[in-house]
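J.: Sequence:
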Amino acid sequence: MGKAPPLPTGGAFYFAAPHPVRGTGRLLDMNSRFFFIGGTVLTLFGLLSGHWLMLPIAFFVAFSGMILADREQLSEMDAHTAAMLLAVPGRPPLLPLDHFTGRELLFYRAGCPVYRQLLSQGRCWELVGEQGKVEDESGCIRVYPGYLYRRVQR
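With the working numbering applied, the sequence shown corresponds to residues 7 to 160, in that order.
Derived from the structure by calculation, the hints contain no laboratory data. Be a bit skeptical, because a hint or two may be false.
[Said to hold, decoys possible] Pairwise CB distance ranges, derived in the manner of DEER restraints: (1) I43 <-> Q123: 27 to 37 Å; (2) A116 <-> H57: 44 to 54 Å; (3) Y150 <-> Q79: 15 to 25 Å; (4) R77 <-> L125: 34 to 44 Å; (5) R77 <-> A116: 23 to 33 Å; (6) L61 <-> L125: 51 to 61 Å; (7) R157 <-> E136: 16 to 26 Å.
All residues carry an ideal CB built from backbone N, CA and C; glycine is no exception.
Construct all of the structure, not just a fragment, from the sequences and the given hints.
T.: Given below as structure tokens:
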């Protein structure tokens, strides 16, 4: 008999039954879909058969799938989107436009308006530029979709 192939790394494992043509085990990828389907099957089996103690295991498997799905989505995100949406220590958080009133509409970016000035609670903020294209200055705020605004004294 031939030598068995080495086990793969990175969240995959082989079934014990050999493949009828290749003779090696079939590769099963353990991604979030695997855990969601497994959690659903365990839930249905537990509900239909009356094994109520199996339901916490099914929920644990489903929550593991959700955690894995979050990690998969974060790994597929490009660098610009990640920099825009994820909080970075030492950098001001990305604020929504909901808290501001805009003046002098310049253009739209990512479906959101970009204004020359933003007003909020008697304070005025003036557009500096797009994040990454201008230097971050102290006292600036970042507003979705990734523009820096500096406070202006009235």
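J.: Give me the numbers of the hints this structure contradicts, sorted from smallest to largest.
T.: 1
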